[in-house]
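**Student:** Please take these sequences and the hints and turn them into a complete structure.
Chains as they are written, first to last, in the numbering used here: chain A, 172 to 476; chain B, 21 to 263.
Please note that a few of the clues may not be correct.
Cβ-Cβ distance ranges computed for the label pairs, FRET-style [unchecked claim]:
| # | chain 1 | residue 1 | chain 2 | residue 2 | range |
| --- | --- | --- | --- | --- | --- |
| 1 | A | Val395 | B | Asp104 | 51 to 59 Å |
| 2 | A | Pro173 | B | Asp76 | 30 to 38 Å |
| 3 | A | Glu278 | B | Asp76 | 55 to 63 Å |
| 4 | B | Ala168 | A | Glu452 | 43 to 51 Å |
| 5 | B | Asn37 | A | Pro235 | 18 to 26 Å |
| 6 | B | Ser215 | A | Val395 | 49 to 57 Å |
| 7 | A | His464 | B | Ala33 | 55 to 63 Å |
| 8 | A | Ala453 | B | Pro172 | 54 to 62 Å |
| 9 | B | Asp46 | A | Ala254 | 34 to 42 Å |
| 10 | A | Glu278 | B | Gly195 | 32 to 40 Å |
Far from chain B, by Cβ distances over 12 Å, these chain A residues were calculated [as the list claims (entries may be wrong)]:
| # | residue |
| --- | --- |
| 11 | Cys180 |
| 12 | Pro185 |
| 13 | Asn246 |
| 14 | Phe275 |
| 15 | Gly289 |
Chain A stretches covered by chain B per the calculated footprint, using a threshold of three residues with CB under 8 Å from any CB of chain B [stated by the list, open to error]:
| # | segment |
| --- | --- |
| 16 | 186–200 |
| 17 | 399–408 |
| 18 | 434–444 |
Everything labelled a hint here was simulated from the structure, so no lab data went into it.
Here the structure is a predicted model, which means the values were calculated and not measured.
The beta-carbon is built from N, C-alpha and C at its ideal position, and this holds for glycine as well.
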Amino acid sequence: MPDTRVSLCGIELPNPVIPASGTFGYGREFAELYDINILGSFSFKGTTLHPRLGNPLPRIAEAPSGMLNAVGLQNPGVDRVIAEELPNIQRIFHRPVMANVSGFSVEEYAETCARLDGCEAVGWLEVNISCPNVHHGGMSFGTDPACAAEVTRAVKAATTKPVIMKLSPNVTDITAIAKACADAGADGLSLINTLLGMRIDLRTRRPVIANTTGGLSGPAVFPVALRMVWQVARAVDIPVIGMGGVSTAEDVIEMMLAGATAVEVGAANLVDPFACKRIVEALPAVMDKYGIHKLSEITGGVHHG
Amino acid sequence: MKQNRYTVTANRALAPNVYRMDLAGDTAPITAPGQFINLALDGLFLRRPISVCDWDEQGLVIIYKVVGKGTARMAELQPGASLDALVGLGNGYDVDACPVHPVLAGGGVGVPPLYGLAKRLLAAGKKPSVALGFNTAREIFYDMQFAALGVPVTVATVDGTAGKKGFVTDLIPEGAYVCACGPEPMLKAVHARASAGQFSFEARMGCGFGACMGCTCQTVTGYKRICKDGPVLEYEEILWSHE
Ligand SMILES: Cc1cc2nc3c(=O)[nH]c(=O)nc-3n(C[C@H](O)[C@H](O)[C@H](O)COP(=O)(O)OP(=O)(O)OC[C@H]3O[C@@H](n4cnc5c(N)ncnc54)[C@H](O)[C@@H]3O)c2cc1C
Ligand SMILES: Cc1cc2nc3c(=O)[nH]c(=O)nc-3n(C[C@H](O)[C@H](O)[C@H](O)COP(=O)(O)O)c2cc1C
Ligand code: FES
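**Tutor:** What follows is the structure, encoded as structure tokens:
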């Protein structure tokens, strides 16, 4: 039996497959379908300090081999997540979970992370810096190395848990942001968040999404995500979680060869609720096929020249 | 909810651009009329949500209008084709909550789920009446099928080419208990005329089973996912601000 175990910031996982934030809720819907304890971990819906109502409908649009979403970080706020969702997560999932955190100011990120710091079920904090910074004209934290570093430092000071900074792909040079986060003390990086996109309804000539633009994800973004994971993994010496369009065990291995230590699966869960189960179950056979005995050894193993 | 494969046993036009598709396969996950299935179609990333019109132990019937790529692809499917669907999605209509004489009000492709509802209401000893609204005479479908159940059926067309000239609201007695399905402006007009009932909503969906928050709307009782906590909302909880 090939060895699928990986270690992420000091926490051992049975395999590198982690459902991505926003596509797995708090695990409830999936736990009704299969035993989610077969997963490496899962990243729960983006959590903010205060409850958020999210964007008006429509929030979803079809794209070639993918989808756009503009959910707008709808969530009940960190206190209710801790009081209502985490106890249930502990019932249905018996390993550390990844807490995905969003914010609109440095202080908000830090405070949300501080509140999650005391939660036993939380293994890592995954800090989504694709959000607009209200004190910086709404420019995303994740597009400016100095802002990204500031969030990283503030969050690191607020928690003892490993901090994984989740990077936005909507930048010219993602390695500059990655290095800024690493230098500011991040324990790991995850990428990519969604690529900014748009669709127009030909009948009404209006944007399909009420918010006008939305984030593209799904298989369409896989080669872009893979390239960015490869670039970032070479630029920093902290672990990288690869994501963007992953939907098969082969994709997981490709992401790991590019430099990923673990892999998140997003949109695939929405169109195939059993996607992660399928991937986990297929991994050993696919590893055999490609002569891989120990999955953790292939990270960054792409050959050049 | 379950993920199942179905075999197309029939797929034919009922009216211009409106088709009835019969699917053979497991229907055990369907627990209430007004629930929907989410169909995977080759070459399209997102599934397409379609209401269950009727079902028995052998299979189910859906009725759909061709409006875009996905529904156009559905119309091309031949008997024998195999489809992957998530089944038993959504809450559906609560048959027990209906009074003895509910009015079932459908507009266009909102009509299909009311057929399954009418059958279950009859089986529960209730006496529904049916009000159907279409744009014009040649777009009418399923009026005969409802009549064959032995329930009173009235029809309205916008252009007056069949039935009463006007909207489905013109067929509903003021203050009635209404189970409605149709485009949102119709639901709103029916809501204003009714005094109670159950209303089925549509939304663009990412998953259809409650995972993505792609379909949430505001209600009097808080946020609801149309795919999971709906698509049927109670009269009292509906807020019209979400459109
Ligand atoms: C709970 C529910 C039940 C439904 N039941 C029926 C039914 O019984 N019969 C029927 O004809 N139609 C029904 N619809 C509408 C049906 O889902 C859409 O007409 C269909 O998805 C259009 O797909 P398309 O690819 O042809 O159109 P496109 O416009 O090419 O679709 C693009 C995207 O928008 C989505 N979309 C477009 N229109 C709608 C819509 N009105 N509602 C939701 N998503 C939409 C599609 O699913 C797809 O993701 C229902 C919708 C919902 C939410
Ligand atoms: C519906 C939806 C909601 C999402 N919500 C969040 C979120 O709350 N926080 C976050 O960091 N990323 C969120 N994402 C981004 C995903 O976690 C992931 O980074 C992205 O979708 C790329 O992976 P994929 O191509 O496998 O979907 C969301 C994605 C989707 C499709
Ligand atoms: S469509 Fe995903 S939650 Fe309703």
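**Student:** That 54 to 62 Å hint for Ala453 of chain A and Pro172 of chain B (C-beta), does it hold up?
**Tutor:** For Ala453 of chain A and Pro172 of chain B the Cβ distance comes to about 55 Å; the hint holds.
**Student:** Within 18 to 26 Å or not, the Cβ separation of Asn37 of chain B and Pro235 of chain A?
**Tutor:** 25 Å, holds
**Student:** For Pro185 of chain A, which was marked as not at the interface, is the minimum beta-carbon distance to chain B over 12 Å?
**Tutor:** 22 Å, holds
**Student:** Are there three or more residues in the segment 399–408 of chain A whose C-beta lies within less than 8 Å of some C-beta in chain B?
**Tutor:** violated (count 0)
**Student:** Does the beta carbon distance between Val395 of chain A and Asp104 of chain B stay inside 51 to 59 Å, or does it fall outside?
**Tutor:** At 28 Å between Cβs, range violated.
**Student:** Could you check the hint for me, namely that Ala168 of chain B and Glu452 of chain A are 43 to 51 Å apart, CB to CB?
**Tutor:** Hint holds: Cβ distance 48 Å, inside 43 to 51 Å.
**Student:** Take a look at whether the Cβ-Cβ distance between His464 of chain A and Ala33 of chain B falls inside 55 to 63 Å.
**Tutor:** The hinted range 55 to 63 Å holds for His464 of chain A and Ala33 of chain B, with Cβ atoms some 57 Å apart.
**Student:** Can you take a look at whether the segment 186–200 of chain A is actually covered by chain B? Rule is 3+ residues, C-beta closer than 8 Å.
**Tutor:** holds (count 6)
**Student:** Using the C-beta atoms of Ser215 of chain B and Val395 of chain A, is the stated range 49 to 57 Å upheld?
**Tutor:** 54 Å Cβ-Cβ, so the 49 to 57 Å window holds.
**Student:** Does the no-contact call for Gly289 of chain A survive, Cβ to all of chain B over 12 Å?
**Tutor:** 26 Å, holds
**Student:** Go ahead and decide if the range 55 to 63 Å is satisfied by the Cβ distance of Glu278 of chain A to Asp76 of chain B.
**Tutor:** Because 59 Å falls inside the window, the suggested range holds.
**Student:** Confirm or reject the statement that Phe275 of chain A sits farther than 12 Å, beta carbon to beta carbon, from all of chain B.
**Tutor:** Since the minimum Cβ distance to chain B is about 18 Å, Phe275 of chain A lies beyond 12 Å and the statement holds.
The structure fails hints 1, 2, 10, 13 and 17 (numbered hints given earlier, in ascending order).
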